[in-house]
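**Q** Those protein sequence lines, which keep their order, are chains A and B.
The first sequence: position 133 = 133 (the UniProt record's numbering), numbered continuously.
The second sequence: position 208 = 208 (the UniProt record's numbering), numbered continuously.
Everything labelled a hint here was simulated from the structure, so no lab data went into it.
Just to be clear, a hint being listed does not mean it is correct.
Said to hold, decoys possible - Think about it this way: if two alpha-carbon atoms lie no more than 25 Å apart in a straight line, the pair counts; the simulated DSS-like pairs of lysine-lysine are:
#1 K356/B to K97/A
#2 K133/A to K7/B
#3 K159/A to K35/B
#4 K64/A to K117/A
#5 K251/B to K346/B
#6 K350/B to K118/A
#7 K159/A to K131/B
#8 K237/A to K173/A
#9 K117/A to K366/B
#10 K350/B to K64/A
#11 K191/B to K204/B
#12 K350/B to K117/A
#13 K35/B to K207/B
#14 K83/B to K223/A
#15 K366/B to K118/A
#16 K356/B to K366/B
#17 K29/B to K123/A
#18 K197/B to K208/B
#19 K350/B to K123/A
Stated by the list, open to error - Label pairs and their in silico Cβ distance ranges:
#20 T98/A to D333/B: 18 to 28 Å
#21 K29/B to K223/A: 29 to 39 Å
#22 H304/B to K246/A: 40 to 50 Å
#23 K334/B to R121/A: 24 to 34 Å
#24 L198/A to G293/B: 45 to 55 Å
#25 D52/A to S373/B: 43 to 53 Å
#26 K29/B to K246/A: 25 to 35 Å
#27 S383/B to E83/A: 25 to 35 Å
#28 G271/B to R238/A: 33 to 43 Å
#29 D333/B to K118/A: 24 to 34 Å
#30 S224/A to L134/B: 35 to 45 Å
#31 E83/A to T247/B: 49 to 59 Å
#32 I209/B to G10/A: 51 to 61 Å
#33 N353/B to R229/A: 25 to 35 Å
Unchecked claim - Stretch by stretch, here's where chain A covers chain B in the computed footprint (C-beta under 8 Å, at least three residues):
#34 14–26
#35 90–102
#36 362–374
C-beta: ideal position from N, C-alpha, C; glycine also.
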Amino acid sequence: MKKQTLIYDGSFEGLLTAIFQVYEERLNDVFIVDEVHYEPDFFSEPVTVYTDDGKANRVWDKLKDYKNLSKLIYWSFLSEFDERERYILEALHYVLKTQNENDYGHPAVLMLSQLTKKVGREKHRMEAFVRFKRTREDLYVSIISPDFNVLPLIAKHFKNRYADQQFVIYDTKRGYGLFYNLDSIAFIELDFNSKEDLEKAMHEEETNYNLLWQNYFSSTNIKSRVNMRLHKQHVPKRYWKYLNEKNPL
Amino acid sequence: MNFERIKEKLSILADAAKYDVSCSSSGSKRTNTNKGLGDSSGMGICHSYTEDGRCVSLLKILLTNHCIFDCAYCVSRKNNDIKRAAFKIQEVVDLTINFYRRNYIEGLFLSSGIFHNPDYTMERLVSIAKKLRLEENFNGYIHLKSIPGCSDELMREAGLYADRLSINIEIPTVSGLKLLAPEKDHKDFIKPMEKVKNEIIQYKAEKKIIKNTPVYAPAGQSTQMIVGATGESDKDIMYSAVHYYSTYNMKRVYYSGYVPVLEDNRLPALGTEVPMLRENRLYQTDWLLRFYGFDVRELLNHNHPNLDIDIDPKLSWALRNMHMFPVDVNTADKQLLARIPGLGMKSVHKIINARKYRRLNWENLKAIGIAMSRAKYFMVCNSSNFESRDLEPERIKSMILQSSQSKYQKFYNQQLSLFN
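Produce the entire structure from the sequences given, and follow the hints as far as they go.
**A** Structure below.
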């Protein structure tokens, strides 16, 4: 039989549906790819996967028996790494066969755990480096463009923390955001014109608190211990754009 | 709110508070209740890092830098000619809430110079924490300083609103304290520690019986010692650290390399280098005691009162105890693996996990990310080419030093050249 390439829509449910198909049709020689990354070739037959929540849920329910593996799969998926699907499938085959879900000696499991670690680091950084600006309507807004698709992972953290404040965290790189309306979190898409619109909507005290924070940041530094290498190791330069203390007014 | 005035106060009072090292915001179990603000149940978060590389997690300020004491090591000492300022209670509350809402901080770290008397000061610190908790429904992290010599009743109340309480012992030896802070009594430091320890034990016991007993200082208590101000040895410092860990159930003891801020003939001169490497070695020792199962007497003792500067304390211990090595990574138990120089607890767990599935060789170890530069001299695995030469400790040390690079090299190379 010719090798098959399953093309899914790029959603996590789509990937799970594709996995369902692999097992249902007992496909051995198969490759899963999302539609953005698909490039036709002569050696394989393209098959479009139609995302099916029912099938996706069945796979996810099964995965719940493997707590560690299911986390590795979801988080690696969010890494948006090109070949994530290949490693996910390999690791899944291996774990279902051997039940060794913590065996980091296996190359695919190791790969997923490394991807998960990277995504975890980015998640933690976003929890740390997101800075809100308060608007006149008492909405707190933050604009980010993280390396990986971590919004789904940080939603709970911010909801627990800011239970009494409306906020938006918007990922401009992926064109969607989180909106918390004091009750629940919704994923939203905005027409994002410019940062200037946001500046116009700012609360009158915003600039002052911004300045106070910058002032605090420089006062708390001990000059005789300066270590810029360590500083940059903790806050790599690509994150400085988020941090108001690194962008003095 | 007069922002210009607040800005001035903030720069004075943050500047004076920055020598307090503790910035931890983890270990509390306070969750967000009744749709309030904040949550400190998760891991700590560093929201920024200063240019000296330290974490900024809490808004760390003094309530005031007016002080009736004249401790030689302290910037805020009575006779030091500096700008003085004091926050109003509401100002601290507003700053904390507004910084927190913008995700700048995890919470508040509030310390103070002592004005009027200890109780008067402590009362104000407690009332800020109380206001944040009760009026603002704030569940973020609060770290309060205990003021030496304040009453038990205030300490009890403080623990009901704060996540962590701490009192800085500052000078590791009683004689050093006499020299540098003659007006302070060692007992005044001990009493609040004792009180907090007992309250924590009592509240925990009550909680087992009555479920809605409030939590008392859920992130425990900590203390801090200045290193390199009074000529104490590493042994003095670590033995007192161990004393505080065991006697008062400290969560953390912090070590702070003395930054010369004042001219005083009892202290190192202005411009003396901050002993950062020594500080680092002390923290490494602290970790070995708390997480690696070492006893302080193995690392520091009569024959070995100071830590080596050029190598880490675990390597130093291993070189003195070569009869324990090499360790077989495929069979050794956790405690023994943890004693291999260069292996951290994470690596130890990785090894224990990985060896369930196969006998490990060098390639396997490398693949799971074990750092081998130091460890290879002290272990064997399922591979025939291990370090078979019978090397002298001195030889191993020089091979490790040659293959490593440290930004501190200039410090210990200088020291070596003294003897050459």
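**Q** For every hint, state whether the structure bears it out.
**A** Taking the hints in turn, this is what the structure says about them:
no.: 1; hint: K356/B to K97/A; result: holds, 17 Å
no.: 2; hint: K133/A to K7/B; result: holds, 19 Å
no.: 3; hint: K159/A to K35/B; result: holds, 10 Å
no.: 4; hint: K64/A to K117/A; result: holds, 20 Å
no.: 5; hint: K251/B to K346/B; result: holds, 21 Å
no.: 6; hint: K350/B to K118/A; result: holds, 18 Å
no.: 7; hint: K159/A to K131/B; result: holds, 23 Å
no.: 8; hint: K237/A to K173/A; result: holds, 18 Å
no.: 9; hint: K117/A to K366/B; result: holds, 17 Å
no.: 10; hint: K350/B to K64/A; result: holds, 23 Å
no.: 11; hint: K191/B to K204/B; result: holds, 20 Å
no.: 12; hint: K350/B to K117/A; result: holds, 14 Å
no.: 13; hint: K35/B to K207/B; result: holds, 24 Å
no.: 14; hint: K83/B to K223/A; result: holds, 19 Å
no.: 15; hint: K366/B to K118/A; result: holds, 19 Å
no.: 16; hint: K356/B to K366/B; result: holds, 17 Å
no.: 17; hint: K29/B to K123/A; result: holds, 21 Å
no.: 18; hint: K197/B to K208/B; result: holds, 17 Å
no.: 19; hint: K350/B to K123/A; result: holds, 23 Å
no.: 20; hint: T98/A to D333/B: 18 to 28 Å; result: holds, 26 Å
no.: 21; hint: K29/B to K223/A: 29 to 39 Å; result: holds, 37 Å
no.: 22; hint: H304/B to K246/A: 40 to 50 Å; result: holds, 44 Å
no.: 23; hint: K334/B to R121/A: 24 to 34 Å; result: holds, 27 Å
no.: 24; hint: L198/A to G293/B: 45 to 55 Å; result: holds, 53 Å
no.: 25; hint: D52/A to S373/B: 43 to 53 Å; result: holds, 51 Å
no.: 26; hint: K29/B to K246/A: 25 to 35 Å; result: holds, 33 Å
no.: 27; hint: S383/B to E83/A: 25 to 35 Å; result: holds, 30 Å
no.: 28; hint: G271/B to R238/A: 33 to 43 Å; result: holds, 36 Å
no.: 29; hint: D333/B to K118/A: 24 to 34 Å; result: holds, 32 Å
no.: 30; hint: S224/A to L134/B: 35 to 45 Å; result: holds, 40 Å
no.: 31; hint: E83/A to T247/B: 49 to 59 Å; result: holds, 56 Å
no.: 32; hint: I209/B to G10/A: 51 to 61 Å; result: holds, 54 Å
no.: 33; hint: N353/B to R229/A: 25 to 35 Å; result: holds, 33 Å
no.: 34; hint: 14–26; result: holds (count 5)
no.: 35; hint: 90–102; result: holds (count 5)
no.: 36; hint: 362–374; result: holds (count 3)
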